[in-house]
Amino acid sequence: MKFYILKRLLYLIPIMIGITFLSFLLLYLAPGDPAQRKLTAQTAVTSDVLEQTREEMGLNRPFLVQYKDWFLNMLQGDLGVSYKDGSPVIVKLTKGMKYTGILAFSSFLLSVVISIPLGIYAAVKKDKLPDSIIKVFCFAGNSLANFLVAVALIYFFCIQTNLFPIIAKGNAQGLFLPTLSLSIPFMSRLITQTRAAVLEQLEQPYVAAARARGMKEIYILFKNVLHNSMISITTVLGLAIGTLLGGSVVTERIFMWPGIGKLVMDSIQARDYPVIQGFVMIMTGIYIIVNLLVDISYHFLDPRVKE
Amino acid sequence: MFHLQNNRKKRKLLVLFFFLFSLILLSLCDTLFLANDPNKTNAGYMMAAPSSHFPFGTDRLGRCIYSRVLAGAKTTILSSLILVLITMVLGTFLGILAGYYGGIWDFIIMRIADIMLAFPQMVLAIAVAGILGGSMINAMIALGIAGWTLYARLARGKVLSLKNEEFIYAARLGGNSNTRIMFVHVLPNLVGELIVNASIQIGSVMLGFAGLSYLGLGVQVPKAEWGSMVSEGLSYMQQAPWAVLAPGLALFLTVVIFNLFGEALSDYMGIRKTEDGE
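So the protein sequences, as listed, match chains A and B. Per my numbering, residue 1 is the first one in the first sequence, and the count goes up by one each step. Per my numbering, residue 1001 is the first one in the second sequence, and the count goes up by one each step.
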């Protein structure tokens, strides 16, 4: 077990280097001169001043040296400073992360609570009416852009019925619509894949054997089938976190939710590249950690994984 | 019985293909069906309700929404198709290379694929498009940068299982070059699975494009695109709901048709789609 975790962590090292390298390259390739960007607030930039700033920012050093320094700083939690106001990127990101975390977590919770029972139900009722209805809804959900879900929700809840304010205030009432709009496309995916995972188990010979011995259907379902489909469901959950993280940018923008997604969109408009880079690093970091936990959880869910 | 079922699948596929084909045709010859110039503003008809002159009404600048939805079809459908084609060809090529030669090629290509898959896809796309600046080409780069990995992994896996088959040995004994074996003997065995996966992928690529355009990272104004039209219309949805409804519905229905087609095709060919991260 310890050995396995260690192996997984070692495997992460080249991936981490690749990810950071790519993120750094992105900033390096960004159009425009960073020194120029930093100085645009001031008037009358002479070439001397520009050259001096470039020297101060270390832009005259070779690419790999710059990457090395940036990487070492990053390991210490220093993601550089914002071009716009010179404040540390990490401070800006943690402030937004709190709100994005709340939004992503509540959407995740809502989706899991609704999707997993529905997926199981659809699998048990395969090809019957409830399954067909659920399937149609999932198909529609999979074909909907998440901003369209948000627009529809705004239309019904804010314009037609006036039940909720359009602009979320960062409180519990404001959380409702963003959570719902982030969850709906996520749910349809989760239901589809839970259904597939449970169906796969239901077709296994051990289920037929258990039935033949006269075991109650409900007992087979909860005692054996669910336990065995847990591993695929957990994998799906881990991968789906990525969708949630990406989708939060759109949702936050529509509902003015003050999270990291709104921050990154503002930064894109202001061409504040270090913040965009920090955003990629932090989101990818979360995604990697979640999937690492998923991998480790296999050990508890499936004894066969233990070598 | 099997024959009958297969016939039904075939019929379903043909019907969907007909819809799909008309959609592509429509996006190719959009100019034939335009009612008005999609980019022409008209101060006299701002936010006008649907009428015979403006079938879907007009937006805040008096532009004909029907014509803009049609022009947007061209942008969305054609760019998605082109992107899927490019990523499929590139990914397949790299995957075959990795699987066939193994060793260092395999290591480098598959590690790069691993790195690309370690990013949440939409997060990477937003950052790349955000830093490169909004344009259709940049949006394609942003979405394609990780898109090829699906095909590369698929092709590699297939090549690894085919590599030791007798017909490959025979081809090698017959004096065929490696390139010829890869592309003449191996590739045809992959095509079915690749096409099924590509056709399933188109819908989500379209949603990706629309998402980036919604955020202002896709096409630039005044060019019509469904995602950016929805984003624009949202601010005056109360006065002119058609400005949001028409492009939104067009996007939804197009993705539905493409997704249905992908599903029907994989059903018909009896190929299950490869599970993918996002």
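To be clear, the hints were calculated from the coordinates, so they are not data collected in a lab. Note that this is a predicted model, so its numbers are computed, not measured. Just so it is clear, CB atoms sit at the ideal spot from N, CA and C, and this is done for glycine as well. Mixed in with the good hints, there may be bad ones.
[Stated by the list, open to error] Chain A residues, not near chain B, derived (Cβ > 10 angstroms throughout):
hint : residue
1    : L26
2    : E51
3    : K68
4    : K84
5    : D131
6    : L144
7    : Y155
8    : E203
9    : A212
10   : L226
11   : R253
12   : Y273
13   : F279
14   : M283
15   : D302
[Stated by the list, open to error] Keeping only pairs whose Cα atoms sit at most 25 angstroms apart, straight-line, the calculated SDA-like set for lysine to any residue is:
hint : chain 1 : residue 1 : chain 2 : residue 2
16   : A       : K125      : B       : K1223
17   : A       : K126      : B       : I1195
18   : A       : K128      : A       : L118
19   : B       : K1223     : B       : Q1239
20   : B       : K1009     : A       : K7
21   : B       : K1009     : B       : I1195
22   : A       : K7        : B       : I1115
23   : B       : K1158     : A       : K126
- Beyond 10 angstroms from chain B, beta-carbon-wise, is A:K68? With a cut-off of 10 angstroms, A:K68 remains clear of chain B, as the shortest Cβ separation is near 18 angstroms.
- Query: Per the stated criterion, does the least C-beta distance between A:F279 and chain B lie above 10 angstroms, as a non-interface residue requires?
  - Reply: violated (7 angstroms)
- Verify the proposed pairing of A:K126 with B:I1195, using a straight-line Cα cut of 25 angstroms. Status violated; Cα separation ~28 angstroms.
- Task: Classify the label on A:D302 as holds or violated, using whether its beta-carbon is more than 10 angstroms from each beta-carbon of chain B.
- Result: For A:D302, whose nearest Cβ neighbour in chain B is about 17 angstroms away, the distance exceeds 10 angstroms, so it holds.
- Query: Has the given pair, A:K125 with B:K1223, been kept, meaning a C-alpha gap of at most 25 angstroms?
  - Reply: Since the Cα atoms of A:K125 and B:K1223 sit roughly 47 angstroms apart, the hinted pair is violated (cutoff 25 angstroms).
- Beyond 10 angstroms from each Cβ of chain B, as asserted for A:D131: holds (16 angstroms)
- Measure nothing beyond the straight line between the CA atoms of B:K1223 and B:Q1239; if it is 25 angstroms or shorter, mark the hint as holding. holds (23 angstroms)
- Message: Next pair to validate is B:K1158 with A:K126; report whether the Cα-Cα distance is within 25 angstroms.
- Response: violated (32 angstroms)
- Just double-check A:E51 for me: nearest Cβ-Cβ distance to chain B has to come out over 10 angstroms. For A:E51, whose nearest Cβ neighbour in chain B is about 25 angstroms away, the distance exceeds 10 angstroms, so it holds.
- For A:L226, is the shortest beta carbon distance to chain B beyond 10 angstroms? Holds, because the least Cβ-Cβ distance between A:L226 and chain B comes to about 20 angstroms, which exceeds 10 angstroms.
- Would the least Cβ to Cβ distance between A:Y155 and chain B come out above 10 angstroms? At about 7 angstroms from chain B, A:Y155 fails to clear the 10 angstroms cut-off, so the statement is violated.
- Task: Would you check whether the claim that A:E203 is not at the interface survives, using Cβ distances to chain B and the 10 angstroms cut-off?
- Result: The assertion about A:E203 holds, with a minimum of 14 angstroms to chain B.
Hints 1, 6, 7, 11, 12, 13, 14, 16, 17, 20, 23 from the earlier list are contradicted by this structure; the remaining hints agree with it.
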